[in-house]
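Participant: Protein chains in written order, with the working numbering: chain H, 1 to 275; chain E, 1001 to 1345.
Just so you know, these hints were derived from the structure itself, not from any lab.
It should be emphasised that the depicted structure is a prediction, and the values quoted were computed from it without experimental measurement.
The beta-carbon is built from N, C-alpha and C at its ideal position, and this holds for glycine as well.
Hints are supplied without guarantee of correctness; some may be wrong.
Said to hold, decoys possible - Listing some non-contacts, in silico: residues in chain E with all C-beta distances to chain H over 12 Å: (1) Asp1022; (2) Gln1074; (3) Leu1113; (4) Asp1159; (5) Ala1171; (6) Arg1175; (7) Gly1210; (8) Arg1288; (9) Ser1294; (10) Thr1301; (11) Ala1338.
Unchecked claim - Here are the simulated distance ranges between beta carbons: (12) E/Arg1130 with H/Val76: 41 to 47 Å; (13) H/Gln217 with E/Gly1016: 54 to 60 Å; (14) E/Arg1130 with H/Arg4: 37 to 43 Å; (15) H/Met112 with E/Ser1136: 39 to 45 Å; (16) E/Ser1136 with H/Leu135: 57 to 63 Å; (17) E/Ser1196 with H/Pro164: 25 to 31 Å; (18) E/Ser1163 with H/Arg4: 37 to 43 Å; (19) H/Val187 with E/Ser1163: 52 to 58 Å; (20) E/Ser1136 with H/Asp100: 18 to 24 Å; (21) H/Met112 with E/Glu1290: 54 to 60 Å; (22) H/Val187 with E/Gly1185: 34 to 40 Å.
Said to hold, decoys possible - Just so you have them, the derived chain H footprint on chain E, three or more residues with Cβ under 8 Å: (23) 1087 to 1094; (24) 1098 to 1112.
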Amino acid sequence: MSLRTRALQVTTYLGLAILAIATLFPLLWVTSIALMRAPETAAGTPPLWPHHPTLYNVVDIIRRQHLGRYFFNSMVVAAATTALSVLVAGSAGYALARVDFRGRRLVSWLVMLGVLIPNQALVLPLFEMFRAVHLINHYAALVLPAAANPVGIVLVQAYMRGIPAEILDAARIDGASEWRIFRSIVVPLMAPMLAAVGVLIFVVSWNDFMWPMIAMQQEGMQTLPVALAAIDREHYQDIGLMAAGATVTILPMVLVFLASQRYYLRSVIAGSLTD
Amino acid sequence: MAALEIENVGKILRDGQAVLRDVTCAARDGELLAVVGPSGCGKSTLLRMVAGLESVTSGVIRIGGQTVNELAPQQRDVAMVFQNHALYPHMTVYENLAFGLLVRGTPRANIDLRVRRTAAQLGLEAMLRRYPRELSGGQRQRTALGRAMLRQPAVFLLDEPLSSLDVPLRAELRRELSTLHRSLGTTMVYVTHDQSEALSLGERIVVLAGGRVQQIDTPVQVYHRPANRFVAGFVGWPPMNFLAAESFDDPTRVPAGEGALEYGVRPECFCARPGGADDLPLTGRIERIESQGSEWHLELTHRLGQVLARLRPEEALRVGEQVRLWVKREDLHAFDRASGLRVEL
Chain H
1 MSLRTRALQV TTYLGLAILA IATLFPLLWV TSIALMRAPE TAAGTPPLWP
51 HHPTLYNVVD IIRRQHLGRY FFNSMVVAAA TTALSVLVAG SAGYALARVD
101 FRGRRLVSWL VMLGVLIPNQ ALVLPLFEMF RAVHLINHYA ALVLPAAANP
151 VGIVLVQAYM RGIPAEILDA ARIDGASEWR IFRSIVVPLM APMLAAVGVL
201 IFVVSWNDFM WPMIAMQQEG MQTLPVALAA IDREHYQDIG LMAAGATVTI
251 LPMVLVFLAS QRYYLRSVIA GSLTD
Chain E
1001 MAALEIENVG KILRDGQAVL RDVTCAARDG ELLAVVGPSG CGKSTLLRMV
1051 AGLESVTSGV IRIGGQTVNE LAPQQRDVAM VFQNHALYPH MTVYENLAFG
1101 LLVRGTPRAN IDLRVRRTAA QLGLEAMLRR YPRELSGGQR QRTALGRAML
1151 RQPAVFLLDE PLSSLDVPLR AELRRELSTL HRSLGTTMVY VTHDQSEALS
1201 LGERIVVLAG GRVQQIDTPV QVYHRPANRF VAGFVGWPPM NFLAAESFDD
1251 PTRVPAGEGA LEYGVRPECF CARPGGADDL PLTGRIERIE SQGSEWHLEL
1301 THRLGQVLAR LRPEEALRVG EQVRLWVKRE DLHAFDRASG LRVEL
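All chains should be modelled from the sequences, with the hints used to inform the complete structure.
Facilitator: This is the structure we're talking about:
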């Protein structure tokens, strides 16, 4: 290895290390603060490390603020949204990439346009629509609008375009029905991208704030971020309690990502690797 | 097994571009028909139309006497081998071979028997549990062939199956394909851009250019009696030389026909010595000699241009010197300058 490549390597890893620290530091600090009690958290900036680690805040927020209930709500909504939108993104992305039908380009463009529209712009019409069908304060109010995720559809469509059309032609000639081709050929080939889209949608749904705040006004129906914001308004001086809430909220994300990172990364780097 | 008939078939794309015009050709039951032409001539489109992967704009395609224009690929009883293999990447060789039988509801025991028999025939027994990415190019193509063979289709379609392989492997698989065709006895349509492949494999050849059939005949006829100037220049390597009567030393002795003619001489039809009194001499300067071992390729500048001649090596031939070569009258091809059609002398 020449000196130059060695130097390049060192610089690259140094840069990556700085990025990693910048990403991880806030997470670790919040977790650390969650394990502290007053007076550590009371006076100004909390220290980096708890002197007497305790689960008091975590137990407290779960017991007194009924965090379990909100956690359950968030889990139901995120899981249902993920399942439904992976189904929609998978079939729509495949159809837009590989099924020849009239108006395909137009639909592709509309989906693309959907990526560009900010969710905030949709809040008012959505509210009117869901009020009209009496679904405000129902899980469906959070799940249904997210079912057709344009980003997911575009990602699957792009991934599907990278899979040679001849493979599908071969299956057709082999005698497989279109549904059989989708089930036995397309879905297995798309699996890494579907996993990635699933993780993405789960995270987005889990973190969503504005629409859930508006659509779920009934006490006990709120999702975790909305409930956490309400707790924050009451207990803004109790940093330890807030940190515990944040930690409990982040934890599922970290677990989902760790469990799926193998698939996730594979699809992110797909295309840069040839077989 | 069945004959394939293609009658007055045309293909116009959505943007109005005509890819095929009035194509008529047929493969007899059990015949290996080679379709050859330069890239973009429409040969792959024709094959995909027979398979049912492309719609037919006009004309009729029949398999075993039945019109299949409106039938989906699933209903046509054809098998196809693609240029890039198109194996299912997430399935093992065994699963790739079995898929076609599986989706058609063949009993498992029967599938197993046929998969193993075909694998043995193609030397793939040891590969059955591997994935396509773990195979060499030749093994992948054999798997693709096996997948097509297994179903015992009425017509076997091959779309440039060897063009992604390296040269020695290509020759080996070409021989295997020929043997396979004889043992299976299935009607085959073999599409290629490589004229030598068409000559060596096809029982008959369809030469396609610009979406039109240029000639349909046996390899011998296509080579020795090309129907027009295009076929003459496309089939055979190195390509035929095209000359004017004035290129020869004595233009008055060159047989004339009606209208203005262009003459064609294959590189191997030049001789360093006259064979008979009727032979036509052509004099030129040797620009280059390329030795191929058993023969030499001579680049010659004559009065009106250049020719390439294949001759037996002779010490007397030197670059820069004038040489007189001889062409037999019967080796002279003639084409109408206006229409390009063959003219019998």
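Participant: Beyond 12 Å from every Cβ of chain H: is that where the Cβ of E/Leu1113 lies?
Facilitator: holds, 18 Å
Participant: Once the closest CB in chain H is found, is it more than 12 Å from E/Arg1288?
Facilitator: holds, 40 Å
Participant: Cβ-Cβ distance between E/Ser1136 and H/Leu135: within 57 to 63 Å?
Facilitator: holds, 58 Å
Participant: Non-interface claim for E/Arg1175: all C-beta distances to chain H beyond 12 Å?
Facilitator: holds, 25 Å
Participant: Against chain H, does E/Gly1210 hold up as non-interface, every C-beta pair farther apart than 12 Å?
Facilitator: Answer for E/Gly1210: holds, closest chain H Cβ roughly 25 Å.
Participant: Taking 54 to 60 Å as the stated bounds, is the beta-carbon spacing between H/Gln217 and E/Gly1016 within them?
Facilitator: 58 Å Cβ-Cβ, so the 54 to 60 Å window holds.
Participant: Test coverage of the stretch 1098 to 1112 of chain E by chain H using CB-CB distances below 8 Å; three residues minimum.
Facilitator: holds (count 4)
Participant: Would the least Cβ to Cβ distance between E/Gln1074 and chain H come out above 12 Å?
Facilitator: violated, 5 Å
Participant: Is 37 to 43 Å right for how far apart the beta carbons of E/Arg1130 and H/Arg4 are?
Facilitator: holds, 41 Å
Participant: Starting from the range 25 to 31 Å, see whether the pair E/Ser1196 and H/Pro164 falls in it by beta-carbon distance.
Facilitator: For E/Ser1196 and H/Pro164 the Cβ distance comes to about 27 Å; the hint holds.
Participant: Taking the closest pair, is the beta carbon of E/Asp1022 still more than 12 Å from chain H?
Facilitator: holds, 26 Å
Participant: Do H/Val187 and E/Gly1185 keep their Cβ atoms within the hinted range of 34 to 40 Å?
Facilitator: Check passed, 38 Å falls within 34 to 40 Å.
Comparing the model with each earlier hint shows violations of hints 2, 4, 19 and 20; every other hint is respected.
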